[in-house]
Amino acid sequence: LKPGDAYLHNDPYLGNSHAADHTFLVPVFHEHEHLFTTVVKTHQADCGNSVPTTYFAAATDVYQEGSLIFPCIRIQEDFKDCEDIVRMCRSRIRIPGQWYGDY
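Numbering (the working numbering), first residue to last: 1 to 103.
None of these hints come from the bench; they were simulated from the model. Just so you know, not all the hints are guaranteed correct.
Stated by the list, open to error - Calculated pairs, DSS-like style, for lysine-lysine (alpha carbon to alpha carbon, straight line, at most 27 Å):
(1) Lys41 - Lys80
(2) Lys41 - Lys2
(3) Lys80 - Lys2
Stated by the list, open to error - Here are the in silico distance ranges between beta carbons for each label pair:
(4) Val39 - Asp78: 13 to 23 Å
(5) Leu35 - Arg74: 12 to 22 Å
(6) Val28 - Ile73: 28 to 38 Å
Just so you know, even glycine gets a beta-carbon here, dropped at the ideal spot from N, CA and C.
Let the hints inform the model, and build the full structure from the sequences given.
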């Protein structure tokens, strides 16, 4: 962990509720010491479900719930987006502009 990092997690098999709920974690530092980590949970309008909905009740496995499953990956470094990750997210959903606005 270092200042300027942010992490994205939405893997239901690793403690998240479901794929459309994205959890963002940002470590907070003071004088180079990690004090705590902030957490915010967002509900995305699309995460690549096999049907156009935010919650697919008939899904029989996590892969039908969404194509964007992240096991706590770094999405920002040095206070800048990791553009490869953001571009991948935007390209795998139906409403990339809205996803980016929520992000």
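12 to 22 Å as the expected CB spacing between Arg74 and Leu35, which holds or is violated: Between Leu35 and Arg74, where Cβ atoms are some 19 Å apart, the hint holds.
Pairwise hint evaluation, Lys2 against Lys80, where the allowed Cα distance is 27 Å at most: Holds, because 13 Å separates the two Cα atoms, which is no more than 27 Å.
Agreement of Lys41 and Lys2 with the hint, judged by alpha carbon distance not exceeding 27 Å: 21 Å, holds
Whether the CB-CB distance between Val28 and Ile73 falls inside 28 to 38 Å: 19 Å, violated
Satisfaction of the hinted span 13 to 23 Å by the C-beta atoms belonging to Val39 and Asp78: Holds, since Val39 and Asp78 (Cβ atoms, about 21 Å apart) stay within the stated range.
Given hint Lys80 paired with Lys41 - CA-CA distance at most 27 Å: 20 Å, holds
Consistency note: the structure conflicts with earlier hint 6 alone.
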